[in-house]
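10 protein chains.
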Amino acid sequence: MLFKVEMDVRVPLDYDPARFEALKAAEKARFQELQRAGTWRHIWRVVGQYSNVSIFDVESNAQLHDLLTGLPLYPFMEVKVTALCRHPSSLHDDDR
Amino acid sequence: MLFKVEMDVRVPLDYDPARFEALKAAEKARFQELQRAGTWRHIWRVVGQYSNVSIFDVESNAQLHDLLTGLPLYPFMEVKVTALCRHPSSLHDDDR
Amino acid sequence: MLFKVEMDVRVPLDYDPARFEALKAAEKARFQELQRAGTWRHIWRVVGQYSNVSIFDVESNAQLHDLLTGLPLYPFMEVKVTALCRHPSSLHDDDR
Amino acid sequence: MLFKVEMDVRVPLDYDPARFEALKAAEKARFQELQRAGTWRHIWRVVGQYSNVSIFDVESNAQLHDLLTGLPLYPFMEVKVTALCRHPSSLHDDDR
Amino acid sequence: MLFKVEMDVRVPLDYDPARFEALKAAEKARFQELQRAGTWRHIWRVVGQYSNVSIFDVESNAQLHDLLTGLPLYPFMEVKVTALCRHPSSLHDDDR
Amino acid sequence: MLFKVEMDVRVPLDYDPARFEALKAAEKARFQELQRAGTWRHIWRVVGQYSNVSIFDVESNAQLHDLLTGLPLYPFMEVKVTALCRHPSSLHDDDR
Amino acid sequence: MLFKVEMDVRVPLDYDPARFEALKAAEKARFQELQRAGTWRHIWRVVGQYSNVSIFDVESNAQLHDLLTGLPLYPFMEVKVTALCRHPSSLHDDDR
Amino acid sequence: MLFKVEMDVRVPLDYDPARFEALKAAEKARFQELQRAGTWRHIWRVVGQYSNVSIFDVESNAQLHDLLTGLPLYPFMEVKVTALCRHPSSLHDDDR
Amino acid sequence: MLFKVEMDVRVPLDYDPARFEALKAAEKARFQELQRAGTWRHIWRVVGQYSNVSIFDVESNAQLHDLLTGLPLYPFMEVKVTALCRHPSSLHDDDR
Amino acid sequence: MLFKVEMDVRVPLDYDPARFEALKAAEKARFQELQRAGTWRHIWRVVGQYSNVSIFDVESNAQLHDLLTGLPLYPFMEVKVTALCRHPSSLHDDDR
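Protein chains in written order, with full-length UniProt numbering: chain A, 1 to 96; chain B, 1 to 96; chain C, 1 to 96; chain D, 1 to 96; chain E, 1 to 96; chain F, 1 to 96; chain G, 1 to 96; chain H, 1 to 96; chain I, 1 to 96; chain J, 1 to 96.
For the record, the hints were derived by calculation from the structure and aren't laboratory data.
Among the clues, some could well be false.
With a cut-off of at most 30 Å between alpha-carbon atoms, the simulated DSBU-like pairs for lysine-lysine come out as follows [what the hints assert, rightly or not]:
1. K28(B) with K80(B)
2. K80(G) with K80(E)
3. K28(G) with K4(H)
4. K80(H) with K28(H)
5. K28(E) with K4(E)
6. K80(J) with K24(J)
7. K4(B) with K4(I)
8. K4(J) with K4(I)
9. K4(I) with K28(B)
10. K80(I) with K28(B)
11. K4(H) with K24(G)
When you get a sec, could you build the whole thing from the sequences and use the hints?
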């Protein structure tokens, strides 16, 4: 099942940079693991923001919740989840 | 260049159904033409809404403006455009 | 899978009352069919509003979309969908 | 009497984790006590958020106020309360 | 139990004045009946608006819902309901 | 003259509890003084919030401003003021 | 007592122009009567809007309500009322 | 040229009181200088808020910007600027 | 003096197309007259909207108000006006 | 391609002034470099705010993202990006 997830990252000005870089590296590794698994199907940067627009393909709401709240940068994020489904006009059966 | 476009369709309760069906058919045809051309890369329905989330891949802002305002259902739409770009963590060079 | 669905009904002041009553009867019949099937698990009135708060238990996002947009009163509704999941503290395995 | 209560938990990034874990444990114990009593009838997680949607069944507004403001995590919560009542179309006399 | 109810009346510019006056007279009669019963405890005009702030004292959420949705002017109203309770600092046991 | 005043209290998580209790006691004493004087005519708790809805009966806007900004908890409050007047349908000449 | 009143006028595209001109003339006459009386102390146009910002000097909330709701263009207005008082730093005792 | 300027002052709870009093004294002195010069034509307190509504009469947008951003309390302010002009119905040529 | 003006055009679905085309032609002629005069310095389309972002260079607030409210399409517009001034870092003395 | 970019700068009250001045100097140098290159085509101050309205002329969304997120003051900014295009009524082919 498909969900649009919008993640907006807010880092306090005085947060320790080294600690944040470590979290970013962990986030990237986790993202790539999920991208390879096909769960995190798409990710795009929003121009001018520390934000992304993502498409997740999961088996259940619970799986999505666990994935999102387990992300290394989750404590810095505002997250917005929107349930999607295939569009009837699409020529692609698997436009995911 | 990539853009997220969110289209929300509002049809007045007393709008002539036959006229609206004709516009919907024209919209579908135009959508599929643009999907085949690779310009309208993705489209998803938003669950419970007469709305879609789409990803466009265009050559310029002007091209996107002309495509959107020329859609048969455009006069019924609220449209929201967000400029996107490739995410640096993505494993896919062409995640569009 | 569980979703909270909030439906807010807006009827134009000059809408034909007989026609609206017929749609309400159809809505009620459809609701009870889905309630019996266990799909529309809960429904409550919001005090002072022509609105309800509902819990749906569906197999997929697509099923929920089809159910909602097929409701007889759908053209009069503002609908808000929120994906839910079981709460880890709950004593009930099937709190749905 | 039924109320929908939405609780959104915000934890400062630098809050002492041990202290927060103790509060969470107390919150869980209090929740289960109220769940067993039938007062906190339903609870669901909101996907991707540190938030829940709950249904309370209380004897009065005052009881609800005391329960909510007495929760161990209350100082971290944004709370939204909506008065509900039984829906006339429901087949269940006690859909609570 | 106490509730603050805010009612905002919107009358279309072209609504038949005689018909509206009849509804207003019915509304006033119904209001005074409820005021005498002690159910509609307080009402105040909001300066510059066709709106009121009211305090209701009811036995249940369901009673409040039935009272509000049965008002003659209800189809013209935006209604906002807020659950209240006695304030612990008040010197009056029955500040209702 | 009547005003609805809504006060929403926000206390930082790390504010010294003893200092806050002292301010609360001062607030309560000041409130009761104004309640006895008939200036602070009504106060109700908003269910689930650290907020109240109050009705003030003052001689002028300036008097209301001085009363509110002089409250011991004022620095912690978001305050919303709405000018009210007697409702023409009310049976009570002095519904204040 | 002083109030800031912001009036925003919305005229439907198909409203009869002659009828509206008559209302505008009546509004202007009423305004000038109140301006001469010192009640409508100031009025300014908001650049680019069919709106004004006004300062009223009235004896009571009730007087302000009656003045505003009796304006010929009132049915076309969105009105926002804010209670003001003299500023302690002002050099003018009667800055009204 | 006339502008409405709304200033909302937010002081952190733990800001040094002596330092803030010094800034307030400087603000008052600067205000009175501008009031005497006729630039800061009007100022009113908003009831219940640490806010004012002011009318400025300046020679240019740039002059207004320099005046506002140079105020001693500017770093504590949310500022909202609205361009105004004389109202055609006013009987006073110089209602400023 | 410089102002950013954002114009959002809303045309009712059933508005007579020929009448609207005539207004559009008049709007274009008026725009070009003001563009040649240097008053309407810049105009850009907002992608996907029937909206523009414009920069006006006028002698006074009153001149801007008269220009905007006199536009042929003004009755269809939502207009937002923001006062601007030269930026101190700019290398161009006349970046208007 | 053209974009409107609105930047709103928020500096914490207790941020080290010398450190902020150094960042401002770096921001100014970077701005002038981009202004000379024709990329940062226009910049204006918003009256009364620590904000600017800018027009960028870039080759791609990605270039704009890199420019904005690389600005020395970026960590202090709220940024809003709007895609623009040439207006068909403009007399200037290169109104950028």
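Hints, verified against the model:
no., hint, in the structure
1, K28(B) with K80(B), "holds, 20 Å"
2, K80(G) with K80(E), "holds, 18 Å"
3, K28(G) with K4(H), "holds, 23 Å"
4, K80(H) with K28(H), "holds, 20 Å"
5, K28(E) with K4(E), "holds, 19 Å"
6, K80(J) with K24(J), "holds, 20 Å"
7, K4(B) with K4(I), "holds, 26 Å"
8, K4(J) with K4(I), "holds, 11 Å"
9, K4(I) with K28(B), "violated, 38 Å"
10, K80(I) with K28(B), "violated, 35 Å"
11, K4(H) with K24(G), "holds, 25 Å"
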